[in-house]
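Q: Letter 80 of the sequence shown, counting from 1, is numbered 80 in the working numbering, and no numbers are missing.
Since the hints were made in silico from the structure, they are not lab data.
Being a predicted model, the structure only gives us computed values, none of them experimental.
Please note: incorrect hints may appear among the correct ones.
What the hints assert, rightly or not - In silico DMTMM-like links for lysine to aspartate or glutamate, alpha-carbon gap of 20 Å or less:
{"id": "1", "residue 1": "123", "residue 2": "113"}
{"id": "2", "residue 1": "86", "residue 2": "43"}
{"id": "3", "residue 1": "13", "residue 2": "62"}
{"id": "4", "residue 1": "86", "residue 2": "312"}
{"id": "5", "residue 1": "230", "residue 2": "288"}
{"id": "6", "residue 1": "125", "residue 2": "212"}
{"id": "7", "residue 1": "233", "residue 2": "212"}
{"id": "8", "residue 1": "13", "residue 2": "186"}
{"id": "9", "residue 1": "230", "residue 2": "213"}
{"id": "10", "residue 1": "14", "residue 2": "44"}
{"id": "11", "residue 1": "206", "residue 2": "250"}
{"id": "12", "residue 1": "249", "residue 2": "281"}
{"id": "13", "residue 1": "230", "residue 2": "186"}
{"id": "14", "residue 1": "86", "residue 2": "44"}
{"id": "15", "residue 1": "123", "residue 2": "62"}
{"id": "16", "residue 1": "207", "residue 2": "238"}
{"id": "17", "residue 1": "207", "residue 2": "271"}
{"id": "18", "residue 1": "249", "residue 2": "271"}
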Amino acid sequence: MEDTKNVAQPERKKVIFSGIQPTGVMTLGNYLGAVKNWVQLQEDYNCIYCIVNMHAITVRQDPKALRQNTLEAYALLLACGIDPEKSIAFIQSHVTTHAELNWVLACSTQFGELSRMTQFKDKAKRYPENVNAGLFTYPVLMVADILLYQAHLVPVGIDQKQHLELTRDVAARFNNAYGNTFVIPEPYIPDQAHGAKIMSLADPTKKMSKSDDNANAFISILDKPEVIVKKFKRAVTDSEAEVCYREGKDGINNLMTIYSAVTGADFAAIEREFSGRGYGDFKTAVGEAVAEHLRPVRENFDRLMADKAYLESCYKRGAEMAECISRRTMDKVYKKIGFLPK
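Using the sequences and the accompanying hints, generate a full structural model.
A: As structure tokens, this is what we get:
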């Protein structure tokens, strides 16, 4: 009989968790900076992706619009390439353990820590008529989202680093008080080639945002090809006529970053391709390349939204899987803090 004790066992894949709010169609910046990379991560990690609709209600929502936006956000994830057979993809409010762990961890989070959260301060200024308790404490729900699944890695941008630091602090505090319970997650920061930072087309010193008052400043990933090309033709550049990547050329640098992300060409190749050609040619080429790159996303989204039964089967199965995994964590947490079993 073969001795298997010394045979190397296959290494278990690490868990990655990430969530996206259902607040309208994602921009090209969301897609190239995050979601496109999530698709690639499915091959090497156990990925758990969530539509965080519970986070969305910290700002008052129209219920009908929220339902539609949630469904569309889920469909967009799948349209972008998130495979429900490879990853767990679900809607946050369908998994009750998120609210349960939120309360327990709120009791291990300090008031001062939440007071220092910059996003609370920013949103409180933007929505002064509704500075609610949920807006103040929602970082704890974000902590719960991550720790429920014992995530090893969390893809983060600069604006989310503070929340991941809070997650690590709360997890360590709970582990110290009650014994080893949670994995302490690390940030997953992709290299520049796999996590492009996309700036506004109207003001390339600012990040691309769908909340921009200027519709020409951002590309929605469901924009029609002619709209995409028109927006790129209007993109801000500079008074020179040389397509090259260097300091002080924010507009051209941004367009080169986008073109590189959708074509795979490096900056040197882009500079050679457009040597001696004007900005008009370059902006048109970028627009056409982006429109073509997003074509399968638009087609997949239309197909999925026409098959609501399939979407429902996917998000229900995802929620069942998420509930099963997260319930194990909750049972452990309840035992550690002294709650009687049911």
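Q: Next step is simple, just say for each hint if it's right about the structure.
A: Cross-check of the supplied hints:
no.	hint	verdict
1	123 <-> 113	holds, 17 Å
2	86 <-> 43	holds, 8 Å
3	13 <-> 62	violated, 40 Å
4	86 <-> 312	holds, 17 Å
5	230 <-> 288	holds, 10 Å
6	125 <-> 212	holds, 16 Å
7	233 <-> 212	holds, 18 Å
8	13 <-> 186	holds, 15 Å
9	230 <-> 213	holds, 17 Å
10	14 <-> 44	holds, 8 Å
11	206 <-> 250	holds, 10 Å
12	249 <-> 281	holds, 17 Å
13	230 <-> 186	violated, 41 Å
14	86 <-> 44	holds, 10 Å
15	123 <-> 62	holds, 18 Å
16	207 <-> 238	holds, 18 Å
17	207 <-> 271	violated, 24 Å
18	249 <-> 271	holds, 13 Å
Going down the numbered hints, you'll see the structure goes against 3, 13 and 17, while the others check out.
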